[in-house]
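Given chain Y, put chain P in place with the hints provided.
Chain residues, written in single-letter form:
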Amino acid sequence: GAGVSQSPRYKVAKRGQDVALRCDPISGHVSLFWYQQALGQGPEFLTYFQNEAQLDKSGLPSDRFFAERPEGSVSTLKIQRTQQEDSAVYLCASSLRIYEQYFGPGTRLTVT
Amino acid sequence: AQSVAQPEDQVNVAEGNPLTVKCTYSVSGNPYLFWYVQYPNRGLQFLLKYITGDNLVKGSYGFEAEFNKSQTSFHLKKPSALVSDSALYFCAVRGLGNEKLTFGTGTRLTIIP
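Protein chains in written order, with this note's numbering: chain Y, 1 to 112; chain P, 1001 to 1113.
Mixed in with the good hints there might be a few duds.
[Stated by the list, open to error] Simulated coverage check for chain Y against chain P, where a stretch passes if three residues somewhere in it have a Cβ under 8 angstroms from a Cβ of chain P:
hint, stretch
1, 50-61
2, 101-109
[To be verified] On the chain P side, residues computed to face chain Y include the following (Cβ under 10 angstroms):
hint, residue
3, 1004
4, 1006
5, 1041
6, 1044
7, 1046
8, 1090
9, 1091
10, 1092
11, 1098
12, 1099
13, 1100
14, 1103
Keep in mind that the hints were calculated from the coordinates and are not lab data. Keep in mind that this is a model prediction, so the values were computed, not measured. C-beta: ideal position from N, C-alpha, C; glycine also.
Excised from the complex, chain Y in its bound form (with noise of 0.2 angstroms):
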């Protein structure tokens, strides 16, 4: 496809569940961004990968939340033990270095 891709698109989890976030990014990007989206606020930045390798891991909340992109193509953005504050949309986005980023449309977890 064109553009970059999340799925799912919505996912509930009980307190306490695993999830798995997958994001496609635009073919041949190199960098790769995961961001958390709170309700009413801006994206705050998670973690950043160039290539397969994770060169900014700063924005992850816990250790809880883990991220992998092994073969420098699709990402996993993965949260253990899932708490209600992981409530949000997280979105993936793609860019050519420099250049600006391009988002997904986002997956929206509400945790119960």
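Same frame as chain Y, but now just chain P:
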């Protein structure tokens, strides 16, 4: 550290009038500045960017933005607003050597017919 301020949560403009959405930033060194627009239940769409060069940059849908280094501002503008411009607008900044974007809290733009 890098940061962005969007001082207005809400901006209302009559259709056909010019619009301005304000943004100021803080970053070490030269900034890379971006505007994105978000429609309901959709991801962020890129509008325009300033990397270097001309202070006035033009983007999608007739939008433009002016980079002002002395005022550390990057206000979004459009000469004549359309009802379809109603959406949530985000300003973002990144510094040289820092790949991550830092976003403002967003400005909801409403164009009144």
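* Asked: Which earlier hints can't be squared with this structure?
  -> none
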